[in-house]
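S.K.: Here are the chains, one letter per residue:
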Amino acid sequence: MNPFEVKDCALLIRMSGLPPAVNLRELRERIAACGENVLYHHFCETTLRPTFDDPDYRNDFAVWSKLYLGDRVLAERLGILDPYASDSMEELRAAVLDIIDDRLAELTMVPWVRPGDEFLFKEATTVVFDTGERIHHPRDLAPAIGRMTNGSVYYHFLEALRRPPIGKDDFSAWLLEGGEEYASYLVSLGSIDIQFHSLAHLRKELVAALAQAGVGK
Amino acid sequence: MSPLLSAYEAIAGSSALTQLRRLGEKLAGLRVVHVNSTREGGGVAEILEWMVPLMRDVGVDASWEVIHGTPRFFEITKAIHNGLQGKAVDLPKKDWRIYQDVNEENAQRLRPLLEEADIVIIHDPQPAHLLKLCPNRKGKWIWRAHIDISRPFRPVWKVLRTIVDKYDASIFSMTEFAQPLPHPQFLVPPSIDPLSEKNRELGPEEIAGARTEFGIDPERPLLVQVSRFDRFKDPIGVIQASRLVRKVIPVQLVLAGGGATDDPEGKAVLEDVMEAAEGAPDIHVLLLPSGAHTTINALQRMADIVLQKSTREGFGLTVTEGLWKGKPVIGGDVGGIRLQVVNYHTGFLVNTPEGAAHRIRYLLRHHDRAAEMGRIGREFVRENFLLTRHLRDYLTLILAIRSGREERVVFV
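Protein chains in written order, with our numbering: chain A, 13 to 229; chain B, 395 to 806.
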């Protein structure tokens, strides 16, 4: 196995250039037209932003629906969407639009927000740093993850899902190089439900899962 | 590792410093010039005081220039500032002419430096017109807006927009502060320097010294608001809140602030504050000199609760400072305070003096909750609002602007 190269990352966030959405119909129009990176930011990069507490939902559209549109039904429907379960951002976009269209059809008026509470569309560049740290054996993976920054955890376990091999986190991809010997670890990693974790919590889950599978021993 | 940066390793962590070192290698020798309107007083000068040396420390050829202006110029730029924050102000064409003329005078002096620089970062509206006065500029120009211009007074924004839309990029502290502009708009929250005089750890004797100096009773609870004497900081509302609390708890209040050379309105506000505090010996109104960082540090550390009851706010660095010192913060439900203060986690957001009084009473009656909020707040600042993160954002942004590509992933 080649050594595992530990990377770290940070987001450089910018406005997308899309006009703000002041009601649900405008939100739909903007989501239909926005770039994939905008969608990705509001669904997947929320964990790496400077936010304080875990919101009820992990994507910004659901949070906005709940807090500002005051539409808890829509928030629940959007909140359950798992971006990592979609094969592509286009598939995810179609799912979001379908939910919003259904909701618009149910409502007798289009929900709107007050000035100052508009949905503002953003996107980000992920800046990746080589930490210089290398992991040479799978038994060292759990303690190394325990020392990783939030940026490293995000890059290797979440952001990796969007890179080839698509849908595979970096830790699992590396363990696969070791063949059948590490199959139990792969099962453990695969059992983690990433939908509800902050990065700090996810780090603890990863360490626990690998320790349970024997890698940490 | 460079000596200045290495001092932050124990606080920010080695990974943060590794990131900065890698970025510094990429940008070594780059000429970056910051321009603002005051060398001391206010959050921008404080940021530049540490940022410029640290940029140099990682290898960037950074410098800091300050524009000079007449008292009338600063009255006009204060009106522009207020207008951008939503206040209806009267700015006739002759005032904009004075604004342009003072920028022109400064351009005479700064033009060679600015036109040769690889990156010029213009802070806030005061020096923004310099771009038009440097037609042979070689580098990229960035406008850094530190204030909340989410709902500007339109006549002011319409003029300023014609000035700043020529920049190559702009930076805002929060998503909500940004205005549509025809160039990339980056989002970079500001930060604090944990080793500065204003934020370093203080010994008990230093805190006790300040307590004695200002006649603060150690036996009674203390509320502290540190900010310029500015109407948007609502010092009168803070006094009203403390008077409401005093009906049940013998609380003391310190309102401490300094003047800044670009803030002529401060004197009038201070007079109003003194009048509102008249006859209340437990309300201490302190006009501090611009270098009184240790005093401010001591006041924040001796506080039971830090207040920042602004009605408009940029980011609110005094909130960050209070959280870093392990204090619960009661802040106005506006601007960047919302990013930092979360109800029942790091403090409380309020909208009125009555709301502030209610939360003050809660915290003074629930010491365990107050201590827990302070602990959470400090870690929150460590993770998100220390200068190492801020410097990383700037260096990354410069790298991105120079590349001219808006890539999703950049390897450093």
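Rather than coming from a laboratory, the hints here were simulated on the basis of the structure.
Hints should not be assumed to be uniformly reliable.
Claimed, not checked - Now the in silico label distances, taken between C-beta atoms and shown as ranges: (1) B:745 to A:44: 44 to 50 angstroms; (2) B:398 to A:116: 24 to 30 angstroms; (3) A:202 to B:553: 57 to 63 angstroms; (4) B:398 to A:192: 46 to 52 angstroms; (5) B:457 to A:102: 45 to 51 angstroms; (6) A:13 to B:530: 24 to 30 angstroms.
What the hints assert, rightly or not - Here are a few chain B residues that face chain A, going by a calculated C-beta distance under 10 angstroms: (7) 444; (8) 570; (9) 574; (10) 579; (11) 605; (12) 606; (13) 608; (14) 630; (15) 787; (16) 794; (17) 796; (18) 801.
Since this is a predicted model, take the numbers as computed values, not measurements.
Glycine included, each C-beta is placed from N, C-alpha and C at the ideal position.
S.K.: All the hints need checking, so say for each whether the structure fits it.
M.R.: Against the structure, the hints:
Between residue 745 of chain B and residue 44 of chain A the C-beta distance comes to about 36 angstroms, which lies outside the given range of 44 to 50 angstroms. Residue 398 of chain B and residue 116 of chain A have their C-beta atoms about 56 angstroms apart, which leaves the hinted 24 to 30 angstroms range violated. Checked against the hint of 57 to 63 angstroms, the C-beta distance between residue 202 of chain A and residue 553 of chain B comes to roughly 58 angstroms, which is consistent with it. The beta-carbon spacing between residue 398 of chain B and residue 192 of chain A, approximately 51 angstroms, falls within the hinted interval of 46 to 52 angstroms.
Checked against the hint of 45 to 51 angstroms, the C-beta distance between residue 457 of chain B and residue 102 of chain A comes to roughly 47 angstroms, which is consistent with it. A hinted range of 24 to 30 angstroms for the beta carbons of residue 13 of chain A and residue 530 of chain B is inconsistent with their spacing of about 56 angstroms. Taking 10 angstroms as the C-beta contact cut-off toward chain A, the hint placing residue 444 of chain B at the interface is violated, the least distance being around 19 angstroms. Hint status for residue 570 of chain B: holds, given a least beta-carbon distance of 7 angstroms to chain A, under 10 angstroms.
Against a cut-off of 10 angstroms between C-beta atoms, the interface hint on residue 574 of chain B holds, since the closest Cβ of chain A lies about 7 angstroms away. For residue 579 of chain B, the interface hint holds, since its Cβ comes within 10 angstroms of a Cβ in chain A; the closest pair sits about 4 angstroms apart. For residue 605 of chain B, the interface hint is violated, the least distance from its beta-carbon to any beta-carbon of chain A being 32 angstroms, above 10 angstroms. Hint status for residue 606 of chain B relative to chain A: violated, with the closest Cβ pair at about 37 angstroms, above 10 angstroms.
Contact between residue 608 of chain B and chain A, as hinted, is not supported at the beta carbon level, the nearest pair being about 33 angstroms apart and thus beyond 10 angstroms. Against a cut-off of 10 angstroms between C-beta atoms, the interface hint on residue 630 of chain B is violated, since the closest Cβ of chain A lies about 24 angstroms away. This hint holds: residue 787 of chain B has a C-beta 7 angstroms from the nearest C-beta of chain A, less than the 10 angstroms allowed. Restraint check, residue 794 of chain B versus chain A: the minimum CB separation of about 6 angstroms is within 10 angstroms; hint holds.
For residue 796 of chain B, the shortest C-beta to C-beta distance to chain A is roughly 13 angstroms, which exceeds 10 angstroms, and the interface hint is violated. Given the 10 angstroms rule on beta carbons, the hint for residue 801 of chain B holds: about 6 angstroms separates it from the nearest Cβ of chain A.
Of the hints listed earlier, those the structure fails to meet are numbers 1, 2, 6, 7, 11, 12, 13, 14 and 17, in rising order.
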